[in-house]
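**Student:** Chain by chain, the residues:
Number of protein chains: 2
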Amino acid sequence: MANLVVGQSGGPSGVINSSLAGVFVRAKERGFDKIYGMRNGIQGLLFERLVDLKEIIDKSYEVELLKKTPAAFLGSCRFKLPEIDEARGTYERIFEILDKRDIKAFIYIGGNDSMDTIRKLSDYGKMVGSDIRFIGAPKTIDNDLAETDHTPGYGSAAKYIATSIKECILDEIVYSTKKTIYIMEIMGRNAGWLTAAAALSRGEDCDGPDAIYLPEVDFDLEKFRNKVAALLQKKNNVMIAVSEGIHLADGTFVCEMSREDVAVDAFGHKQMGGTAAFLAAYCEKEFGVKTRPIELSTLQRCAAHISSYTDVQEAFSSGAKAVEACCDGRTGLMTTLVREQNEPYVCNVGLCDVHNVSNVERCVPHEWITDDGSNVSDEFIAYARPLILGENLPVMINGLPAHLVLQKEVDELESRNNPQE
Amino acid sequence: MANLVVGQSGGPSGVINSSLAGVFVRAKERGFDKIYGMRNGIQGLLFERLVDLKEIIDKSYEVELLKKTPAAFLGSCRFKLPEIDEARGTYERIFEILDKRDIKAFIYIGGNDSMDTIRKLSDYGKMVGSDIRFIGAPKTIDNDLAETDHTPGYGSAAKYIATSIKECILDEIVYSTKKTIYIMEIMGRNAGWLTAAAALSRGEDCDGPDAIYLPEVDFDLEKFRNKVAALLQKKNNVMIAVSEGIHLADGTFVCEMSREDVAVDAFGHKQMGGTAAFLAAYCEKEFGVKTRPIELSTLQRCAAHISSYTDVQEAFSSGAKAVEACCDGRTGLMTTLVREQNEPYVCNVGLCDVHNVSNVERCVPHEWITDDGSNVSDEFIAYARPLILGENLPVMINGLPAHLVLQKEVDELESRNNPQE
Numbered sequence: 000m001a002n003l004v005v006g007q008s009g010g011p012s013g014v015i016n017s018s019l020a021g022v023f024v025r026a027k028e029r030g031f032d033k034i035y036g037m038r039n040g041i042q043g044l045l046f047e048r049l050v051d052l053k054e055i056i057d058k059s060y061e062v063e064l065l066k067k068t069p070a071a072f073l074g075s076c077r078f079k080l081p082e083i084d085e086a087r088g089t090y091e092r093i094f095e096i097l098d099k100r101d102i103k104a105f106i107y108i109g110g111n112d113s114m115d116t117i118r119k120l121s122d123y124g125k126m127v128g129s130d131i132r133f134i135g136a137p138k139t140i141d142n143d144l145a146e147t148d149h150t151p152g153y154g155s156a157a158k159y160i161a162t163s164i165k166e167c168i169l170d171e172i173v174y175s176t177k178k179t180i181y182i183m184e185i186m187g188r189n190a191g192w193l194t195a196a197a198a199l200s201r202g203e204d205c206d207g208p209d210a211i212y213l214p215e216v217d218f219d220l221e222k223f224r225n226k227v228a229a230l231l232q233k234k235n236n237v238m239i240a241v242s243e244g245i246h247l248a249d250g251t252f253v254c255e256m257s258r259e260d261v262a263v264d265a266f267g268h269k270q271m272g273g274t275a276a277f278l279a280a281y282c283e284k285e286f287g288v289k290t291r292p293i294e295l296s297t298l299q300r301c302a303a304h305i306s307s308y309t310d311v312q313e314a315f316s317s318g319a320k321a322v323e324a325c326c327d328g329r330t331g332l333m334t335t336l337v338r339e340q341n342e343p344y345v346c347n348v349g350l351c352d353v354h355n356v357s358n359v360e361r362c363v364p365h366e367w368i369t370d371d372g373s374n375v376s377d378e379f380i381a382y383a384r385p386l387i388l389g390e391n392l393p394v395m396i397n398g399l400p401a402h403l404v405l406q407k408e409v410d411e412l413e414s415r416n417n418p419q420e
Numbered sequence: 000m001a002n003l004v005v006g007q008s009g010g011p012s013g014v015i016n017s018s019l020a021g022v023f024v025r026a027k028e029r030g031f032d033k034i035y036g037m038r039n040g041i042q043g044l045l046f047e048r049l050v051d052l053k054e055i056i057d058k059s060y061e062v063e064l065l066k067k068t069p070a071a072f073l074g075s076c077r078f079k080l081p082e083i084d085e086a087r088g089t090y091e092r093i094f095e096i097l098d099k100r101d102i103k104a105f106i107y108i109g110g111n112d113s114m115d116t117i118r119k120l121s122d123y124g125k126m127v128g129s130d131i132r133f134i135g136a137p138k139t140i141d142n143d144l145a146e147t148d149h150t151p152g153y154g155s156a157a158k159y160i161a162t163s164i165k166e167c168i169l170d171e172i173v174y175s176t177k178k179t180i181y182i183m184e185i186m187g188r189n190a191g192w193l194t195a196a197a198a199l200s201r202g203e204d205c206d207g208p209d210a211i212y213l214p215e216v217d218f219d220l221e222k223f224r225n226k227v228a229a230l231l232q233k234k235n236n237v238m239i240a241v242s243e244g245i246h247l248a249d250g251t252f253v254c255e256m257s258r259e260d261v262a263v264d265a266f267g268h269k270q271m272g273g274t275a276a277f278l279a280a281y282c283e284k285e286f287g288v289k290t291r292p293i294e295l296s297t298l299q300r301c302a303a304h305i306s307s308y309t310d311v312q313e314a315f316s317s318g319a320k321a322v323e324a325c326c327d328g329r330t331g332l333m334t335t336l337v338r339e340q341n342e343p344y345v346c347n348v349g350l351c352d353v354h355n356v357s358n359v360e361r362c363v364p365h366e367w368i369t370d371d372g373s374n375v376s377d378e379f380i381a382y383a384r385p386l387i388l389g390e391n392l393p394v395m396i397n398g399l400p401a402h403l404v405l406q407k408e409v410d411e412l413e414s415r416n417n418p419q420e
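From first to last, the protein sequence lines stand for chains A and B.
Letter by letter, the first sequence follows residues 0 to 420 of numbering that gives the first Met the number 0.
Letter by letter, the second sequence follows residues 0 to 420 of numbering that gives the first Met the number 0.
Just to be clear, a hint being listed does not mean it is correct.
The list cannot tell twin chains apart, which means a pair is met if one copy fits it or any two copies do.
[Claimed, not checked] Derived BS3-like pairs (lysine-lysine); straight-line CA-CA distance at most 25 Å:
id	residue 1	residue 2
1	Lys233	Lys407
2	Lys407	Lys234
3	Lys177	Lys407
4	Lys284	Lys178
5	Lys79	Lys178
6	Lys407	Lys178
7	Lys79	Lys177
8	Lys289	Lys234
Just so you know, these hints were derived from the structure itself, not from any lab.
Isolated chain A, as found in the complex (with noise of 0.2 Å):
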């Protein structure tokens, strides 16, 4: 039978591996010959940067590793295709690597820009007849992807966010005697799914954040201080989540605002992010209270330590169903979740037209998000809820979670081959 290509692209996430788990394993077992992994996406295969996932991965247990190691095994790359008029050689290169190695699927793991790449793809191929059949697999915290009930890495991040935000609140209320107020930015710069998922930690032991704010919702920072000065009137200890890129109504970042007055730093650039530390200056000055910004940052598209099962579940059969729609003839489609029921909660994997996702932008409903603007409701918990449940625990070694890294993986296969005297 012929060959096979995997690509990862865009930002890690929790869950992108087990998607690769998902091609990798399916491929195997519908016979693929050589399945090749590009590494750092198109922009490797470009340079013929390939390797041999069969080689790589050649015992059992090393596909649960997979399964458990956050970020992109293969490595990412952030590279747009140029539309195919503008750069014919581009798609030319392309389609004689995949030919000259018989490679007859491409499966291109990613968000938006990485659709948009299956799409630009399977138009080439269907222009110039080609029997390469193109499939994308849905990976994004962000969540934002359209045609899909959810992305494969949303519900881990949820997870990991919802937790801390939990455990921030315990550590917040332990001067419960003096006024605080601690803000947490959440990444999300036009979708607030992930900001969204701090409501999760909503329950009996734990009263969830006291304010949240999408970038769905325009910012008004008048609103925002009586909001804040009415929960201090009420309580203590004053929690609120706040997407990094929430904005005012004329567009300008909240981020921005702390730019312009305060953080040029001492090399002339603007301050990163600094949403939480503008608003935690902002209510510092405005209420004399102390006030903590917390930055999840990077942590919560890489921790896969706290997993969700569900997500791991459905990135593994995303991955695997891309398998088959290429063995199946099918070509310029992405993989979706297609949620049956809600309780118990029911999932299948589907296919869609990658036109209808690339470049397309899904935000939360503003059903969904409460009329001041401030939470979210009882509906988003229910869409919500089903993805963060299930543990995946890693695999641990010496105290600390164990993973898989190409690296290692071909530094050991290079010295097995060429053993030293």
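We have chain A already, so just place chain B on it with the hints.
**Tutor:** Quick look at chain B alone, frame taken from chain A:
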């Protein structure tokens, strides 16, 4: 039999509640009648804000949940008792409250300041011929207390830090074709134990941070620059761990360098933290590569979801031992952890004179820091490794770690005792 009171003080940790559980369980076993908890430490005691822990923790699963709940169940305070000569009235008041409630055992779980409280109260008790016993149980993620091999709380924070840095290194290397510098800022004003724990990530699947800077060694910006330049020659993705407390030879904190040059905010406040932010901005200017500062912030002291079983058990034993010491008629002591051997690791709980602990700060020994001051030795690893071993898995409810929360228990108790018609 008589009554016992227990309090918690200082910053939160992942296992201070396990020490509380140890006190509670052993005090029950030893037949104390009432087991009081001070709300917000000695400050709460002065206002007689006490809870009856037998009423609050009345189910055995609640003890287990308490051991898995981060921060301070009873609430905390930062309150330094005045010297005896300066404020006799305060001491008289405290002993009056204790005598009134027939409290014969006083246990305080905390760090340096808390041990200072035990020292003063036991000194006063001896002065006035009181039969109340005062024993301290150590707690600090900082690991900076004298007379004990290590402190409960350190192992779990170290485990979280090493896990996070391992995951962030994977996050960083996905763009292995681009040069990047990640700088992770870790707690520790004067003692570098927590930052040193980043080195625990070194292993078969991870090279660990490329450089580690502790406050025990004067920081030299020029040497730092040369180190980073050399690293960028050898590899694309550089990870550096820094303690928030690193400072120049003249005593200037690195975060103050950023404060002077950069970060007076819109309201004239100096920026919080910022060691990593300053160094990241510096590196970006010097080397023109993408940098990312990451502050672990409060997460490192409250992330009980990945706490160390060894740490949790030792914290529990330490609390239990404090009760034993009271029953044996001892006073003015702190429980200690005594490492009997390292492989296999055996650790007993001992006692020491609290006078030798309060107001002493124990730092990382210089012989465990490499000669160029930018890493730690294998001796440190051998010391710290056993402390992070073993898993204390959270009880997961609705996809998130469940916690025992005092105010919720108090509210429940009140509604049980005063049922509405």
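**Student:** Work down the list of hints and note, for each, if the structure agrees.
**Tutor:** To see whether the hints hold, each was checked on the structure:
1. Lys233 / Lys407: Cα proximity of Lys233 and Lys407: across copies only (17 Å, versus 55 Å in one copy).
2. Lys407 / Lys234: Answer is between; shortest inter-copy Cα gap is 15 Å, intra-copy 52 Å.
3. Lys177 / Lys407: Intra 50 Å, inter 19 Å, cutoff 25 Å: inter-copy only.
4. Lys284 / Lys178: within (14 Å within a copy, 39 Å between copies)
5. Lys79 / Lys178: between (48 Å within a copy, 20 Å between copies)
6. Lys407 / Lys178: So Lys407 and Lys178 pass the 25 Å test across copies only (19 Å; inside, 50 Å).
7. Lys79 / Lys177: between (51 Å within a copy, 16 Å between copies)
8. Lys289 / Lys234: within (14 Å within a copy, 42 Å between copies)
Comparing the model with each numbered hint stated earlier shows that all of them hold.
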